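Q: Letter by letter, the chains look like this.
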Amino acid sequence: MHSGIVSPKGVWWTPAGKQEKLWVTIAFVWCMVLFAMMPFWHIKGGQNPAGVRTRVDPSAFSDRVDRFNQEFRVGEEKGFPVVAPPPGADVYLMGSMWQWSSVLRLEKGASYMLHLSSADMNHGFSLYPVNLNLQVVPGYDYALKITPNQAGEFRVICNEYCGADHHNMVGRIVVVEPGGKEVSHE
Amino acid sequence: MSSQAIGATSRTCSVTGLKVDRSAERLIKVNAVVAIVMFLIGVTAAVMLVLTRWQAVHLLPADWYYRMLTAHGLNMLIFFIIFFEIAVLYFAGVVMLNSRFPAPWLGWTAFALMVGGAGLVEIMVFSGKADVLFTSYVPLRADPLYYLGIILFAVGALVGVMLFFAALVVARREKTYEGSLPLVTFGALTAAIIAVVTLVHGAAVYIPTFFWSMDMMEMDPEVYRLLFWALGHSSQQINVAAMVAIWYLLAGLTVGGVVLSEKVSRIAFGLYVLFISMASAHHLLVDPGFSPAWKIWNTSYAMYLAVLASLIHGFTVPAGVEMGQRLRGYNKGLFEWITRAPWGDPGFSGLVLSVVIFGFLGGITGVTLGTEQINILAHNTLRITGHFHATVVGGTALAFMAVTYYVIPLIFRKEVAFFSLAKWQPYLFGSGITIFSISFILQGMFGVPRRHWDASFRDAPFAVEFPPVVDVLMTTMAIGGILAITGALIFILVAVVSVFFGKPLTDAAIANGTARVPQGVLKLPPQTYSEAKSAEAHAKGAPGTLVLVFIFLGLFVLYYFTNWKMLSQVWRIG
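So the protein sequences, as listed, match chains C and H. Residue numbers for the first sequence follow this note's numbering, so the first one is 1 and each next one is one higher. Residue numbers for the second sequence follow this note's numbering, so the first one is 187 and each next one is one higher.
These are calculated hints, taken from the structure and not from any lab test. Among the clues, some could well be false.
[Claimed, not checked] The calculated BS3-like cross-link candidates involving lysine-lysine, where the alpha carbons are at most 25 Å apart (straight line), are:
id, chain 1, residue 1, chain 2, residue 2
1, H, 215, C, 21
2, C, 108, C, 145
3, C, 18, H, 518
4, H, 449, C, 18
5, C, 9, H, 719
6, C, 21, H, 726
7, C, 9, H, 361
8, H, 205, H, 689
9, H, 205, H, 215
10, H, 751, C, 108
11, C, 9, H, 726
12, C, 44, C, 145
13, H, 689, C, 18
14, C, 44, H, 751
15, H, 719, H, 709
16, H, 609, C, 145
17, C, 18, H, 719
18, C, 9, H, 449
19, H, 609, H, 689
20, H, 709, H, 689
21, H, 689, C, 9
22, H, 215, H, 689
23, C, 21, C, 9
24, H, 361, C, 21
25, H, 449, H, 719
[Said to hold, decoys possible] Per the computed footprint, the stretches of chain C lying under chain H, defined by three or more beta-carbons under 8 Å from a beta-carbon of chain H, are:
id, segment
26, 43-57
27, 120-129
28, 167-178
Quantities reported herein were computed from a predicted structural model and do not represent experimental measurements. Every residue gets a Cβ at the ideal spot worked out from N, C-alpha and C, and that includes glycine.
When you get a sec, could you build the whole thing from the sequences and use the hints?
A: Okay, structure coming up:
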């Protein structure tokens, strides 16, 4: 027996000790559990970052966002259109330096196809306080089916560095009870 | 070559009995010294970053925060670590094999390229021409010279790695050692192979980006992210392999830690080479460019085989320490080998803290966050930053510090300056970075973003109010950060003063035990044992370590499934 500093002489390809075999076996089994959990969650779990992923030209996506904002616009807040798409709708949200394209009003328990993309840099979609985080990449439409499970006030914090004013890039999502009553948070 | 000629270009180490090639020694010295300089720049940036993220102080203006963050990432993750690793490779490939340095002039060329490249990058960053953070995600754009600097640095590093391979060939051909490569050198070899893979990816990402920055070609942002992380994450896997090699080295030097099974440890290193570069996917789990199948396969390093490798080392390193201690007579009960260990030896305490912080804090969080779906909860929050400060700082940097306390006497032939301070340094640094990392991880669990100047969102259009506990966590983050920074500064002080102004180490001072150096240098523990003793050690095994690894596994399972539980409660998404 020797330390790791010594050159081993002769044949060192010999059977491992009992404890090592035990640990390697258990560790291997654990690794297989770690692996199996991911496909398992795709089948049984409700949170998967799969979605529908397509390439999109940033200007085409920007046009789509404008049409979406016009179609379901219900008001304006701090210069941003407030948009209330019906349950089941395709929702288009675009990050650009340094803002999100609209304030969204969604219904609790309803599902929406959320399309995320960027007009310029990488941005981060971080839904606060749910703590649900996605990467927003220019040139790619990341469409995910989302189902809010609570009503209330939410923020969309950009959590990917996107230039000088990155830290001020915050959007708003409001989730209302089915039927449209807004929950006050005052 | 006559023995006299060899004598003129080398010396014999009086502690280890190894022949030390003079040109290797000089190259190890300069690379290590520059590594420490880069580390100092990184630490200086760290001070300002901690004091900015701590909202109570909020030191830097926004532009300088992002600039310092860029400098911090580059100096720590690339320059400090790779200069240090080049020094480690030259040590493991030349000194440990009793060999000579092949083509020293090329070693100096590599060094010059690395220094020139790094210097160019520093100039670009600090003059505000590269506010693109460490990752420089396209289409963020830096001055073309910034990318050129990184390319020059990478070419230099690649030449250095090639010289390590050449050194192995020279040693083998000139028969400077018998048998197989020592495990430590074998580990360094795997780090070197991963380094080649990493640097090739570096070329694949930075050369096109260099041309893109001059408007000479297109660059897809998602392709950039894929290639960048094949460099960015793989470079951290060089660290893992180098760090584990250093663990084995320190185990041997400090307490005569043995290798349980050459076969098992080497297979584990081999698994790193085969699978670890796939971890680029860890950064792309919630990206739109990749399919779930691609994400699952790659993020798990093909079914977690590189994680298996770390789990193996996580057993064999402490078990080797335990058996080394038991062979030296510390046999009582399960844990006398721990209670009677040389805790005042910064090489030993640094080793243990590095293993513990890397495994318990960095490893468990890393594997969990690298799970495709769980990443939804963590991507780009401070949890990620907390995780990798545990691995890279608490694990790798601490291991590098610990081995430095042995490099100072063994390579630089100096006593360790402020030795009583050095004894405390690993504890200070280790506890500081632990508090820091945990504070980051917990803030991230509340959704606090990483790389963010203003968590108060003072000028944002919509107010974001984190729960009050986040303020407490910011304070603990600052305390942990300041402790770790103090530990880092003590390390730099000790290293610099020892190397440049230290008392020369004499054989007499070692012999009569008056030299202020780690105990393993004063009296090297046995490195080989007889057949009979080995059989006895194998029969006793490492029961204490077995208990510890099962505690580790229990915590791992708990943390992992707690995260699945948390995930199941958020909005349905898919």
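Q: Compare the structure with each hint and give your call.
A: Evaluated hints:
Annotation: proposed proximity of residue 215(H) to residue 21(C) is violated, straight-line Cα distance about 41 Å (limit 25 Å). The hinted pair formed by residue 108(C) and residue 145(C) meets the criterion: a straight-line CA distance of about 14 Å does not exceed 25 Å. In summary, the hint linking residue 18(C) to residue 518(H) is supported, as the alpha carbons are separated by about 21 Å, within the 25 Å threshold. Straight-line distance between C-alpha atoms of residue 449(H) and residue 18(C) comes to about 14 Å, which keeps the hinted pair within the 25 Å bound.
Restraint check for residue 9(C) and residue 719(H): the C-alpha separation of about 17 Å stays at or below 25 Å, so the hint holds. Distance hint between residue 21(C) and residue 726(H) is fulfilled; the C-alpha atoms sit about 15 Å from each other, no more than 25 Å. For the given pair, residue 9(C) sits about 13 Å from residue 361(H) by alpha-carbon distance, which is consistent with the 25 Å threshold. Distance restraint check for residue 205(H) and residue 689(H): the Cα-Cα separation of roughly 22 Å lies within the 25 Å cut-off, and the hinted pair is therefore satisfied.
Taken as a hint, the residue 205(H) and residue 215(H) pair is honoured in the structure, with Cα atoms around 16 Å apart against an allowance of 25 Å. Straight-line distance between C-alpha atoms of residue 751(H) and residue 108(C) comes to about 21 Å, which keeps the hinted pair within the 25 Å bound. Note on residue 9(C) and residue 726(H): the hinted pairing holds, with a Cα-Cα distance of about 24 Å set against a maximum of 25 Å. Note on residue 44(C) and residue 145(C): the hinted pairing holds, with a Cα-Cα distance of about 16 Å set against a maximum of 25 Å.
For the proposed pair residue 689(H) and residue 18(C), the alpha carbon gap of about 48 Å is over 25 Å, so the pair is violated. With a C-alpha separation of about 13 Å, the suggested pairing of residue 44(C) with residue 751(H) holds against the 25 Å cut-off. For the hint pairing residue 719(H) with residue 709(H), the CA-to-CA distance comes to about 20 Å; that is within 25 Å, so the pair holds. Restraint check: the Cα-Cα separation between residue 609(H) and residue 145(C) comes to about 56 Å, which exceeds 25 Å; the hinted pair is violated.
Of the pairs offered as hints, the one joining residue 18(C) and residue 719(H) holds, with about 18 Å between alpha carbons and a cut-off of 25 Å not exceeded. For the given pair, residue 9(C) sits about 13 Å from residue 449(H) by alpha-carbon distance, which is consistent with the 25 Å threshold. Taking the CA atoms of residue 609(H) and residue 689(H), the gap is about 18 Å. The hint holds against a cut of 25 Å. Distance hint between residue 709(H) and residue 689(H) is fulfilled; the C-alpha atoms sit about 19 Å from each other, no more than 25 Å.
Proximity of residue 689(H) to residue 9(C) is assessed by CA-CA distance (about 38 Å); at most 25 Å being required, the pair is judged violated. For the given pair, residue 215(H) sits about 17 Å from residue 689(H) by alpha-carbon distance, which is consistent with the 25 Å threshold. Annotation: proposed proximity of residue 21(C) to residue 9(C) holds, straight-line Cα distance about 23 Å (limit 25 Å). Between residue 361(H) and residue 21(C) the CA atoms are separated by roughly 34 Å; this puts the pair beyond 25 Å, and the hint is violated.
Straight-line distance between C-alpha atoms of residue 449(H) and residue 719(H) comes to about 20 Å, which keeps the hinted pair within the 25 Å bound. Residues of the segment 43-57 of chain C lying with their CB closer than 8 Å to a CB of chain H number 8, which satisfies the three-residue condition for coverage. Coverage of the segment 120-129 of chain C by chain H holds [criterion: at least 3 residues with CB-CB distance below 8 Å; count 8]. Remark: the segment 167-178 of chain C is confirmed as covered by chain H, as 6 of its residues place a Cβ nearer than 8 Å to a Cβ of that chain, reaching the required three.
Violation of the numbered hints given earlier is confined to hints 1, 13, 16, 21 and 24; the remaining hints are satisfied by the structure.
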